[in-house]
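Let's have the full structure, built from the sequences with the hints guiding it.
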Amino acid sequence: QVQLVESGGGLVQAGGSLRLSCEASGNIDRINAMAWYRQAPGKRRELVAAFTRGGSSNYANSVKGRFIISRDNAKNTAYLQMNKLKPEDTAVYYCNFLAGPNYEYDYWGQGTQVTVSS
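Heads up: the sequence shown is residues 40 to 157, going by my numbering.
Treat the hints with caution; some may be incorrect.
[Stated by the list, open to error] The following label-pair restraints were derived from C-beta to C-beta distances:
#: 1; residue 1: GLN52; residue 2: ALA79; range: 17 to 23 Å
#: 2; residue 1: SER156; residue 2: GLY65; range: 34 to 40 Å
#: 3; residue 1: GLY93; residue 2: GLY54; range: 32 to 38 Å
#: 4; residue 1: GLY47; residue 2: ASN71; range: 35 to 41 Å
#: 5; residue 1: GLN78; residue 2: ILE107; range: 16 to 22 Å
#: 6; residue 1: ASN71; residue 2: PRO126; range: 32 to 38 Å
#: 7; residue 1: GLN120; residue 2: ALA72; range: 14 to 20 Å
#: 8; residue 1: PRO140; residue 2: GLN52; range: 40 to 46 Å
#: 9; residue 1: ILE107; residue 2: GLY49; range: 14 to 20 Å
It is worth saying that the hints were derived from the structure and are not from the lab.
Even glycine gets a Cβ: it sits at the ideal position worked out from N, Cα and C.
What follows is the structure, encoded as structure tokens:
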């Protein structure tokens, strides 16, 4: 059974940095897409960063220039480097992998809390 295990969340002051990790365990067949989402209290889940089908990265306007998504294919791991954090970045962050030849497998991490104090 495939599980996505997230780590790296926590409490940080505004202007600080955090690095989130998301590692897939189990027998996962060809990860085709990796993405990070977040959900703040009372708000809808939103896409933060993702690798596109062509392999390039895509970011929400609110995090462009501050966040960097990266991946280690050999480790089935995605990362989200978050710099210059703002209080409005406070949310639960989720990783999402799409796998299989037809992107038919949809996996989610358990979520990790990121809290940015002002």
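Hint by hint, here is what the structure shows:
{"no.": "1", "hint": "GLN52 <-> ALA79: 17 to 23 Å", "result": "holds (18 Å)"}
{"no.": "2", "hint": "SER156 <-> GLY65: 34 to 40 Å", "result": "holds (36 Å)"}
{"no.": "3", "hint": "GLY93 <-> GLY54: 32 to 38 Å", "result": "holds (33 Å)"}
{"no.": "4", "hint": "GLY47 <-> ASN71: 35 to 41 Å", "result": "violated (23 Å)"}
{"no.": "5", "hint": "GLN78 <-> ILE107: 16 to 22 Å", "result": "holds (21 Å)"}
{"no.": "6", "hint": "ASN71 <-> PRO126: 32 to 38 Å", "result": "holds (34 Å)"}
{"no.": "7", "hint": "GLN120 <-> ALA72: 14 to 20 Å", "result": "holds (19 Å)"}
{"no.": "8", "hint": "PRO140 <-> GLN52: 40 to 46 Å", "result": "holds (44 Å)"}
{"no.": "9", "hint": "ILE107 <-> GLY49: 14 to 20 Å", "result": "holds (18 Å)"}
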